[in-house]
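A.B. asks: Listed here are the chains, written in short residue letters.
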Amino acid sequence: MFQFDRQKICLSIGALLLVLLPLLASLAGEPYLVSLFSRILIYALAAASLDLILGYGGLVSLGHAAFFGIGAYVVGILSFHDFEESALIAWPFLIPGSDSALVAWPAAIFIAALLAVFVGALSLRTSGMHFIMITLAFAQMLYFFFVALEGYGGDDGLSLFSRNTLPALDLGDDTQFYYVCLTLLFAFLYLSARLVKSPFGMVIRGCRENEKRMQSLGFPTFRYKLLCFVIAGAAAGLAGALNANQVEYVSPGLMHWTRSGIILIMVILGGSGTLYGPVLGAAAFLLLEEVLSIYTEHWMLYFGPALILVVLFARHGLYGVLVGKEKRHG
Amino acid sequence: MLKVEQIETFYGSSQALFGVSLEVREGEVVTLLGRNGMGKSTTIKSIMGLTPVTSGRITFNDKEIHALPSYRVARQGLGLVPEGRQIFPNLTVRENIMVGAAHYGGRKEPYTLAEALEIFPRLGERLNNYGNQLSGGEQQMLAVVRALMTTPKLLILDEATEGLAPLVRKEIWHGLGVLKARGQSILVIDKNLRALMTLADRHYIMEKGAVVWSGTTSEIADNEELKASYRGV
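Protein chains in written order, with the working numbering: chain E, 7 to 336; chain A, 67 to 299.
So here's chain A without its partners, still in its complex pose (with noise of 0.2 Å):
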């Protein structure tokens, strides 16, 4: 589905990515886990177009992308949900919502309003607040459905439980664990390894702007080393 081939990224003259290669297949949930500053959320601004590559291959089924303003990127099919979740805090929830599935004219989306809040009723009770109403929690959750009603056919999640309270990360996991029973493929950078591990089929682990380990996670599971090096990241 995502295939990010060897892509080098720079900010100004100083170089953040070398050489990223990673893979997301269909139905698939990958975590791309690190330390702060090792290049994840780079990674990720690359891939949606936000972030210039400068060399290197990024393609979304079969189809080049890396060359693709962010609009194009996110209409292959790719949804963010961006770290510090950036929702639109003069916007009701509704309007939240609604506008990610604006361009697709109600036609396409395979997710109605209330199915999308099924699988964070919470959301339901704030239709009508401002995002600038809502917990860090609410707004993470709602970062996540305004992602889904673009439709995306690969969802990403950007720090998904950043800051948040335990009780509401574990809400987080719940939907996201809905949302990969159903079929949903996921790339996920976030620190909790252990929520990751249960939810999570491969993964990848950055240092230094480059992938330096990846495997299942069963393979994360066996090796105690690794996960004595992650577990607090």
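If we strip away everything but chain E, and leave its shape as in the complex, we get (with noise of 0.2 Å):
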């Protein structure tokens, strides 16, 4: 009952806290965390992602940021033929650019959840350390796409005009897009936390611990795991959209093996299996490198013994710690 009550507690603290973000910094005279905290935000939302898949479903995707950075270049492309004023599809029909968030939000979710059909399609057949390396495979191949892109930018990236529209909204101030961004990864995680305790993710979770006797239950798992696998990869989509939107730039940096590694690191730090934990581990991960890179530009370097403590001496994760070891599924 006691650890019920301060799982509660501790999300409920840290819901308000990031409420109430944008009034405390202001209070504090510091209106750049509200800058900082979205990022940490849109950073979570792809962490989240790839717990579903990672903590709920034993799979360790090394390729996650393909999903991100495509996120990220639907934005950009619509958003360069937008102020071009130039058809991104010309023919058979004509595909115009567009700025509004409600066109290319949709449109990064459904590439993203698109390549991720293809992908999974390919990965999932196998598992362990040759799904590793092949989702690894597919993002660097997609980097190295964009790296000759000359088109849109090629290795420099693509500088977008400004952030994109929103009816009623206007996503230019900080502290509206830092709502718009939280509204998101709450919408995110509470879907999530319904679908990891419906009947669907039993079948994830059961297939991380024993994909055989799903199968000999009647489950036909690659459906399931590649449902899955687009479910979050098109929710890593969403938030590359945000982040291109937030920095106002796409690179291919933004699908580099390392920046998976750094989605995976947020995950396992937060804790793998619990989806909120990936929230505090985005916010660790962001918010020491703010602080370390201060001092050092080798912060990962003092980073790097935290991680593996916690690897060590928490199970779950910081979120473990948090609201005690027996608690993993939100």
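FYI, nobody ran anything at the bench for these hints, they're computed from the structure.
All figures in this text were calculated on a predicted structure; none of them were measured in a lab.
Beta carbons are placed, not taken as given, at the ideal position from N, Cα and C, and that holds for glycine.
Mixed in with the good hints there might be a few duds.
With the Cβ distance kept under 8 Å, some of the chain E side facing chain A (calculated, not the full set) [what the hints assert, rightly or not]:
{"no.": "1", "residue": "Arg12"}
{"no.": "2", "residue": "Pro102"}
{"no.": "3", "residue": "Ser106"}
{"no.": "4", "residue": "Leu120"}
{"no.": "5", "residue": "Arg219"}
{"no.": "6", "residue": "Pro226"}
Fit chain to chain and form the complex, with the hints in mind.
C.D. replies: Below you can see the structure in the form of structure tokens.
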């Protein structure tokens, strides 16, 4: 009973702090915190989406940044064509550019999901080390593809003229943008929490434990895992779209395998298979980066031992430490 | 109901089954007896599509199933309680049970959670515990209940009571007796011949990957040589 209350209290306090953050930042006279925490929320969304396949499905992907990057590029490319007043596709039907979030963000989700169908359909036929290597290879292929794509900036990337537009909102305003990110993160966490407790989620968790057993219970496990992979990819695409808006710039670096590694570290640091843990992991990683990088550019040297300690002594990551070890499923 | 005809199965280049044939009819309890390494579990795996059959034929309710992937075999109505239980350790008891019912969308299953728990009431007290917090006997009960939730026309148990204390075994056999009384068809591998004699209708004995004897419970009861050989299997 105590564990349950402790978890609820931690989640409530966390949510409240996030809701009040712009106000607290304003009172503290540190408005840049709003921008920093927007970044945290965006990476939290990407990390939570990876947790769906890693923590619940047991699939260690080193290519998640591909979906993050493609989501960002969809926003970047649509914005580029909108600014240039040129067609994205001229034949057989005309697709113009757009700076509307109502067009660009669903497009980012859709394209990332489509990529996830393709990558997942091939990579999910393997497991373990082979799965890691195939997802890594796909992400790297995409990275080099965009490096070579001179029309959209190649290695130098692509700058956005401005953030996307949303009716009745000004996304150019950091506080409003922050609340949009927060709303989307909360919505994703809520839907994911429902998902992992649903029959579908039970099958995915069952696959993590013993896939053959799930098959002999009558489940076509490949289809279940593929759907989970696509949901995670689509959410990472949305995170990428938000990231493109926040920094108003996209580059192939967003898809590099090191970016996938960073998202993976966020999940492990926060606690895989906990859903809310990756939010904590993203916050811990980016805040430590912010603080440590003031003192040294080799801040990873100090971050590394902290990560090792968490892996060794906190089986369910920082979230496990906060809410107690036994509580894992949000 | 289930007909296995002359199946042969290989592990790599070594042959494990040599023309195994057996049959389970509606409402029957049939056993597969034999010492370790004689091919009993391989037969079960072959039936379930977990190990490919190289020749022969397996039909279930007149439908060929030997070339189907394991999930489609299960969906024909075969529920497996595997050797070693293989429950999901990080899912709660409730989730372990309900995951079996997941693909029926709660529409077809004749067993509700409450009905399934009637067979092994002890599990009802442990619903919120994780699978890895159960004793071996409770895990076996859980594995049986989980298989029941898939609405099996035929329940298959591989080493149903291996490694369990006598009192727990009694509980498992009692549960299977309840199922038999409800008309559940069961194919069971176990070494406890005495318990199987009271539960089962027919028996198959396997040696070196082949069926060497088959008959009814009364035939095995009248055969002192067989009883002596397999009492301590």
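A.B. asks: For this structure, which hints from the list above don't hold up?
C.D. replies: 1, 2, 3 and 4
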